[in-house]
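Colleague: Residues per chain, in single letters:
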Amino acid sequence: MQQKQGASLVIQGLEHRYGSRSVLTLPDYRVGGGEHHLILGPSGSGKTTLLHVIAGLLKPSSGSIDIDGQALYAMNETGRDRFRGSHMGIVFQRLHLLPSLTVTANILLAQYLARQPQQSRQVQVLLEALGLGHRLHAYPGDLSLGEAQRVAIARAVANRPRLLLADEPTSSLDDANAATVINLLRNQADAIGATLLVVTHDARIQGHFEQRLVLEAAA
Amino acid sequence: MNLWTLALAYLRRNRLASALNVLLMAIGIATIVLLALFAQQMNQRMSRDAAGVDLVLGAKGSPVQLILSAVYHADVPTGNIDYAEARRWAQHPMVRRAIPQALGDSWRGFRIVGTSHDYPAHYGAAIAEGRLWQAPGEVTVGAEVAAAGMQIGQSFFGVHGFSERGHAHENSEYRVVGVLQATGTVADRLIFTGLESVWAVHGDAAPEAPEITSMLLNYKTPLAATQLPRQINTQSQLQAASPAFETARLLNLVGIGLDGFRLFGWLLVATAGIGIFVALYHALEARRYDLAMMRCLGASRWQVIASLVIEALLLTLAGAVLGLLLGHAAAELLGAVTDERLVLSGAQFLPQELAIVAAALAVGMVAAALPAIRLYRADVARILSEG
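If you read the protein sequences in the order shown, they are chains A and B. Mapping of the first sequence onto this note's numbering: position 41 corresponds to residue 41, and the numbering continues sequentially without gaps. Mapping of the second sequence onto this note's numbering: position 304 corresponds to residue 304, and the numbering continues sequentially without gaps.
Chain B on its own, in the form it takes in the complex:
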């Protein structure tokens, strides 16, 4: 016997109320952890996808849409731009590398990207099998596309737009010549081909005034960030958007929604705290003789208080641990059942989880504070003479 086993014995005796408080706490913590994992991993994923892309050139329109379509391939393009004009900017002395892309078609929701060999290289996607595209009509596919059933030697028609039911371009067939290694980036979900292939599908493999959808720029110098976007936006028909800036804006908007859920999670934790407070306060009344008897058996005032605080600690700790497990399990489950674009994994632990657990413990301690103070003031002799 010690104070811990004593606290456990009391919790077992009130197992229904104990379980309820643990569950409330656990669901609250799980919600908070799930959101933290989601925000963190979405952030990581988005910054990985946008890494090295300093500026995107595209048609005028919404800058967020341009970034979503050109970098994350999660929206329709803003329109087409003149390739020649884009190339002029690509040769600007402050630009290290420029990757053109012509978008428009897809296969089973995977986007077909007409581009240069720089694109897969930019994401570090080496060849896993076969080779990179050369001739018009040849494609090299990302790892997830290959996993979806696209193998070397397979032929297919692109579908106009981004949906699976769009109009098929049956005049020109693509053929898979290579598969890329998985990179954990957007490149895994793309079907790469030459610019000419995309032009050919839409009418002319060598158009007089070729157009592309967008161009991804990588700066030579950080100084470019202060000058190039303004130059482009004022001196040309093009729009220049910064992925870092637009992504931050977007995450900020999403963050407001997440904040609401997070508040809900803390509300649950607070409710659990109140539940624990009520349980302890009730225990104080129900067990006044037990607690007085402990003093008669030699326990100090502090030991008696500790026995009550330990109960709060055990409840919160159980709730926090269960909440962490639930949160990670939910993240893993959500990642497994939802679209692969929501890459959520439970196998990551965040430093802030320690802070979440600490905050939960603090809630438990606050819940125990008032009962502890009352217990400190309790007069054993008076309690015993009430009998």
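Next up, chain A with everything else stripped away, as it sits in the complex:
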């Protein structure tokens, strides 16, 4: 299969305010295609805001975000929704698997919403590769935390996104599992040739990343 090139990310003059309170300022930040970056900061440093801005979910007060040279906020909302669906995969700390759908259906839904062909066979292969072959038809409520985490990662990579975003993927895990999840994210990102961006306050995983951005708590 042809390897897709990871997306590059260029942020310039970014600032987001709630009212008059500035919660995030980032004058210049660049991520090269295929790179793995860690964005580290304490709570209140605006890192979740940054993730939402990069994901196209939150229009910043000022500044521009270009993904592969495309200005994200020049698109209208529906355009950003589509762009997000086909170019990005997101893993949240709270996994947000849809509880009324089976593991397989959760991932097929991601393909459907991203307007990708729904390929049960490909989904099965993906889940098997993540050690979930026996859980294809289980409901999220019946999974262990580790299994659910892997399903969430599978869902994020199912559409072979060019940008993989993870928000606090390890905060609720012990050291061993945190390392496992980070390795899984990095391996999956490399496997599909995606750029990986991990946002966290979890200092334990710093060592896994050479490229780090540290956000300061807002004054």
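Keep in mind the hints are simulated off the structure, nothing from the lab. This one's a predicted model, so the numbers in the text were calculated from it and none came from an experiment. Errors might be hidden in some of the hints.
As the list claims (entries may be wrong) - Sample of chain A residues at the chain B side, in silico, Cβ under 7 Å:
1. LEU57
2. GLY85
3. ALA105
4. LEU215
What the hints assert, rightly or not - Take a look, some chain A residues computed to stay more than 12 Å from chain B by CB distance:
5. VAL10
6. GLN12
7. ARG21
8. ASP81
9. THR180
10. LEU184
Backbone N, C-alpha and C define an ideal beta-carbon position, used for all residues, glycine too.
Fit chain B to the supplied structure of chain A, relying on the hints for placement.
Modeller: Just chain B now, with coordinates in the frame of chain A:
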């Protein structure tokens, strides 16, 4: 996967609440449909029975009673009238046909009607077996009477009145000489004989001043409707009543009762609507992260709203379809178990049922409206940062 299967998955997950809402909706729709079928079929039946009978002559009294007794055979007569006087009106130039009838006796609840051969002919009841009555004492029976056990060659005594336990006239015996074809009208439930037979049972086959119970008139010209009833009512001892007018009056009265039931049905539909609204509103809270996640996966605002509206649509549609089935099944069942005079059938579909389903869908859409608006305003980033 698509939005429909997604909606189904959520409904399955909340199957108890879903089933309750569908059931409420279904019972409401079934009630409304049953009433519509009942009203429609009663109307059809009554207008079929009264077709071609423009005016009824009878003794003074309640006009509704006269129509009920003379046309539908569902009440006791208002009294007797002089046959000679009735015949004078029958020969009026505006009258095309006049059918005399002498009532009074019955057999197992089926009325014995002394009349002319015009009566079965009027309802298009041809002979199925045997022949029409000729000599006194001979009868020809309607299809339902035959089905109740009255066969050719059988003899029986009439019972005075309309009940099954009345005084039997054991002095004079009737004999069945023919059976009529079914017509789907009141004629099926009648036992026809000559006027003389009825007179004979009550004393004299050729009385000096013969009396009948009523006479059914058919106009030659529509103009008669404006003149004849008034003439008869003012110039004679007789009463003239119009089946169309009295039937409309009666159905109007019945209609007020039906309206109450219909209101009850719509109340159930509205309750189901509120149930669906509560379910969706609750879903909005319970699934805020699911809905936000759908946006993260590439769904537009409208797709997320559609997923919720589809749930309302599926609930209402299921309720409406189930309600239609229930309504028709109930009509069929009621028609089968009740008296044959209540001819209710579920095998008829009314155009207004489409309107009922459309109204139910509208209720579902209204129930979905407020949750949809809230969903439209939802801020995905804010929901996700709540975690």
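Colleague: Return the numbers of the hints above that this structure violates; sort them in rising order.
Modeller: 4 and 8
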